[in-house]
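Engineer: Using the hints, position chains U, W and C with the ligands against chain F.
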Amino acid sequence: MADYNAAEQGLSGLELMAKIREFERRMPLLSDEGLIRGSTHPSLGMEAIAVGVSLALTDDDAIASTHRGHAHTLAKGADFGRTMAEILGRADGYCSGKGGSMHIGAKEIGVLGTNGIVGAGIGIATGAALASKVKGDNTVAVSYFGDGASNQGVLAEAFNLAAIWKLPVIFVLENNHYAQSSAVEEMVAQPDLTRRGEAYGVPSFSGDGMNLQEVFELATAAVERARAGEGPTLLVLETYRYLGHMAGDTEIYRTKEEVEAAKANDPIEKLLAELIAQGIITAEQWEARRDVLFAEVEAAEQFARNSPFPEASEAFTDVYAKGA
Amino acid sequence: MADYNAAEQGLSGLELMAKIREFERRMPLLSDEGLIRGSTHPSLGMEAIAVGVSLALTDDDAIASTHRGHAHTLAKGADFGRTMAEILGRADGYCSGKGGSMHIGAKEIGVLGTNGIVGAGIGIATGAALASKVKGDNTVAVSYFGDGASNQGVLAEAFNLAAIWKLPVIFVLENNHYAQSSAVEEMVAQPDLTRRGEAYGVPSFSGDGMNLQEVFELATAAVERARAGEGPTLLVLETYRYLGHMAGDTEIYRTKEEVEAAKANDPIEKLLAELIAQGIITAEQWEARRDVLFAEVEAAEQFARNSPFPEASEAFTDVYAKGA
Amino acid sequence: MAETKDLVTWRALNAAMHDIMEEFPESFTLGEDITTWGTGGGTYGVTRGLKKKFGAERVMDTPISEEVLLAAVSAAATRGVRPILEIMYSDFSFLGFDGIINQAAKARYMFGGQFDTPLVIRSNGGSGIGKAAQHSQSLETLFAHIPGLEVVVPGTPGDAYGLLRTAAKSDNPTIFLEHKNMYYDKGPVDFQPIPFGQARIAREGQHATIVATQQILNYSLAAAEELAAEGIEVEIIDPRTLYPFDMDAVYASVGKTRHLVVGHEAVRDYGWGAEFVAQTVEAAWDKLDAAPVRVGAARTPIPYAQTLEEAVIPSKDDIVAAVKKTLA
Amino acid sequence: MAETKDLVTWRALNAAMHDIMEEFPESFTLGEDITTWGTGGGTYGVTRGLKKKFGAERVMDTPISEEVLLAAVSAAATRGVRPILEIMYSDFSFLGFDGIINQAAKARYMFGGQFDTPLVIRSNGGSGIGKAAQHSQSLETLFAHIPGLEVVVPGTPGDAYGLLRTAAKSDNPTIFLEHKNMYYDKGPVDFQPIPFGQARIAREGQHATIVATQQILNYSLAAAEELAAEGIEVEIIDPRTLYPFDMDAVYASVGKTRHLVVGHEAVRDYGWGAEFVAQTVEAAWDKLDAAPVRVGAARTPIPYAQTLEEAVIPSKDDIVAAVKKTLA
Ligand SMILES: Cc1ncc(C[n+]2csc(CCOP(=O)(O)OP(=O)(O)O)c2C)c(N)n1
Ligand SMILES: Cc1ncc(C[n+]2csc(CCOP(=O)(O)OP(=O)(O)O)c2C)c(N)n1
Ligand SMILES: [Mg+2]
Ligand SMILES: [Mg+2]
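Residue numbers (full-length UniProt numbering), protein chains in the order written: chain F, 1 to 324; chain U, 1 to 324; chain W, 1 to 328; chain C, 1 to 328.
Isolated chain F, as found in the complex:
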């Protein structure tokens, strides 16, 4: 795994974050347009975690994501068009429209799925790490989950299992301070969430989830430990979500001021300023580059919009393995 290099991880991270944000920005609009069914949970503000962690992974590594999982999926290398198509329930989606926003899986790049059950990804990543150990293939698995999910008991079980078996799993806790409408301060008594990992023997670190470099470095160290057979790591990363939990969120649980204050710490803006200051990119170059990225997202959206809905007959396939 390479060290952080502003011109490499920094620049590609910036691009990926900007592209993901542009993708996610469109979610409420598509939702309002009636193109997204059920619920979809955008992650604006939280991009540095997905991107920073993914930069430390290879295609063979696995991730298990959450209900708020577009960024994780895209950062891991998913095609923007096929991801969008899945969110819109189209035949060209990763899951042929069967999954939707909360169930996007992409086997070939190790995306074991966004997931509708809060906390489920924890057990799933632990299982992927177990498979890695049994096969000895040296892959690692990442579980992304939120502050809310950290109150699910499965986390403690996973910590313990991963610690005693030294499973190559990285637990990435995205502390955006809210679980749906519940403030983390009300829902935990010991605010230092690294204590949860440590209690079970999982080396645990906290970091700034709005800082790509910091996330990348923490993730890289964790990946190295995992590949070296040293077992799991917990990363508790502070972050914030700019939009509501999902479409229709009245946000009575927080103030506009709080949201605006958080934006002052924006991971994309901050990194861009840094890269400009370091002379790695100019503002003009970035604008041009951003236009290209955004055009790619627009193309992804058009791809998805133009993709057909699945045939009704498709509803009955894929329940069981063929020929079983």
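Treat the hints with caution; some may be incorrect.
As the list claims (entries may be wrong) - Under 10 Å between C-beta atoms, here's a sample of chain U residues computed to sit facing chain W:
no., residue
1, A64
2, S96
3, L112
4, W165
5, S313
6, T317
As the list claims (entries may be wrong) - Derived CB-CB ranges, DEER-like:
no., chain 1, residue 1, chain 2, residue 2, range
7, C, Q198, F, F309, 35 to 45 Å
8, U, R25, C, A222, 38 to 48 Å
9, W, Y184, F, F205, 40 to 50 Å
10, W, E23, U, Q285, 54 to 64 Å
11, F, P308, W, K324, 29 to 39 Å
12, W, D190, C, Q198, 47 to 57 Å
13, U, R227, F, G136, 27 to 37 Å
14, C, F24, F, N306, 39 to 49 Å
15, U, E185, F, F205, 25 to 35 Å
16, C, Q198, W, K324, 26 to 36 Å
Keep in mind that the hints were calculated from the coordinates and are not lab data. Note that the structure is predicted; figures quoted are calculated from it, not measured. Where a beta carbon is used, it is the ideal one built from N, C-alpha and C, also for glycine.
Structural biologist: Chains U, W and C with the ligands in isolation, oriented as in the chain F frame:
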């Protein structure tokens, strides 16, 4: 809650421990005789925990016990005869023979049941504490559970819930170093189990579970905190079980030497020696007293043996509330 | 109280919650985001206004910890209080199935009748709004199979109100399954408790009996109109509770119509319709002139895209076809 | 391999485990106390000798953490290995129902067919040895209702062997439910895999068909002797798997006998017998001369005392009575 007084808690604790041990000692014999169905889990060696904790409770307080729950139940004040009758599946048992060893409940003294599901009592005691808080009746609830159960996720959830809501619950972890045949050293990576409570904001203490006074004092402090509205406590108590996990245990997972070494620290023998040294009781007095206690246990067994089996028609009652 | 009002389901449920919390001082309610979401009434509004009226001691937002919550309320119920727990989607109840099934359902029995367990687990099931595989299951059959549980599947706002009142009063653990696509259905509410185990005749007819709940009940009513135009008059029975069940209502109706269709959104295979068919043939064999027909969801998880979701869930047309099949 | 041996069930299962671990290098097995209990073979001996032969990397004792284990094996199965998880008693599976039902059962479908899920969950169900309410449930119906799962209920040592082999080979999540009171039943084992969805005719007869599994299969065989003495020859069908199911075998038999009894140890209400009855009346109405009769456990948890346990579980006499009832 009174301070520990050797002549009071010490002496009555000694008697209760001895009586419980005599009760439990009979389990394998009754099992061999074919009088106990299913499985039953005696707790010889672990009496100081059940008795020390119970001395700090009142009848109105609740306990939620485990598969190894005779001692918890008896120490809380259950009738020895009715408890034995339940274990033998008789009509005079606490549950009229419907429950058996793993499901002994005694509502009037707050015994919410021994339980066949490892870890279930944790959620149950948490619920009893929640009821206490909602009613404001100032009762406390105790959850007994083992080192094995401490790997169940519900424990983490219960710690967190009890901590944020300051529920009057006391988590009593009986670390007897084995879960069935699994050594705790193999099953946890962080051996200091108090860390688990602390991680969730539960004040946590470890203590010698073979020492009645120590258990009583820790429990008393926890009960006081709970009644004062200060919330939960975790007590991690070191102990050992002398017999196999249940009848038929081949005990291939430990040595005879290890078992014998543990007995050197016997809670009953130690307390007796202390009380004799302190002049609170003489060896002769104790022998006489013990004979009485053992005779009571014998009477309990006879009561149970003489109790009829439940009528088959009883199998169909108590599924739903009457008239519902 | 005597007055009848037209309300949407969530408002009917909300009214029931208010009335329950008045009626039983020992009742309390809890769940995830039940006071801080939306306009302060939880995901579908059912708990609106409760915290303001009854205080934070009786109306609690919980962490995301379904396992301990389900175990805890099971036990709390045995200690003299009446918990009403909201599980946001019934699919999440799997996280606490031990609490529901190994503890709450069995507590009275295994302890020889010592403990009442006046517990209500409110949740929702069903599909129709694109919530996909993990937020759309119809799990009522699983619960109905478990001795000790009562299972309620209200099909109208009025039933939602009346049955929730009864659930709260019951000293048994009650699984109360709202339908997520029916919170905005409107109907009359008379603010009276409705006893469990009494089916409702949703429509009278003499040619065939349809037993159906929730969305499929609605589709059946629509199918009935279509069939009526062809001269086929169906009788529609809403069992309202799957346990206790009111099979007598079914036998009586079949005695008249001599034909039975059972429809539900639960997966057809091993779904509750099989029980209704089996009991009917066992007890009323001679009353049937033809084989009963079941209509249920396909043996698939619930897919996301609308084309797919509609393909696996029974439709009005499926009901029409089933009636015609049994009458053929 | 061609040789047939008489083995007790646990030894047949143990042999299957050895053969599976040989056949699939990517298989591994794990569970609580599976190598350190008894003589090193877990609670009922099924894993005996595996650790010695295949090493600690493929045979693992786990902590008591059913929830993460069930989720983890569900996911591991999608990553190119074949986990075989032992859940000591199927009642404990409730602790990890999310992993089984929301994850494993749906993974293939909700991700559009990308993932195989070659997972076996071995456990046991059933009553008869006084394990009481939380260690004696017969939960097969719950699993059979869930799309995506395969459900196996072996009734003989030979079937136990052959079906476990097939479970291990299957790329679907398979719930394999042994019976805790049949580990010492002895019978011939021919060491061949047995395909899923093929019922076994356990006895031929022409007067009535009995469909039954496990203990109730045994009681049915005993009942058949008793009935034969009275001149009633029953045909007995063991479905062996509840999903996939082999209804054709039932229809064929009923076509001959024109009478159906279904017996199981699962609770009768909403139990799997209802599905067999419903499918049979739907598909083979004209083949039946009388109402089918179901025999299942009473609507109670399993009690501890023997008098009580025997009262709630179907007996040979219940089967005899059921046959006589349908023939009456
Ligand atoms: C088991 C379960 N419980 C509840 C929910 C409903 N729900 C979906 S997201 C969410 C909040 C999750 O909070 P967190 O883990 O902090 O993630 P975030 O949304 O902040 O990214 C809740 C309660 C669910 N999907 N699954
Ligand atoms: C959920 C669940 N998993 C497994 C078991 C089987 N079992 C019964 S007791 C036991 C060991 C429990 O160990 P521990 O909690 O340390 O208590 P101890 O027996 O040492 O008192 C196991 C695995 C069970 N009853 N319930
Ligand atoms: Mg959050
Ligand atoms: Mg132990």
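Engineer: Look at each hint and say if it fits the structure.
Structural biologist: A quick look at each hint next to the structure:
no.	hint	result
1	A64	holds, 7 Å
2	S96	holds, 4 Å
3	L112	holds, 6 Å
4	W165	holds, 8 Å
5	S313	violated, 14 Å
6	T317	holds, 7 Å
7	C:Q198 / F:F309: 35 to 45 Å	holds, 38 Å
8	U:R25 / C:A222: 38 to 48 Å	holds, 41 Å
9	W:Y184 / F:F205: 40 to 50 Å	holds, 47 Å
10	W:E23 / U:Q285: 54 to 64 Å	holds, 59 Å
11	F:P308 / W:K324: 29 to 39 Å	holds, 32 Å
12	W:D190 / C:Q198: 47 to 57 Å	holds, 55 Å
13	U:R227 / F:G136: 27 to 37 Å	violated, 55 Å
14	C:F24 / F:N306: 39 to 49 Å	holds, 43 Å
15	U:E185 / F:F205: 25 to 35 Å	holds, 26 Å
16	C:Q198 / W:K324: 26 to 36 Å	holds, 34 Å
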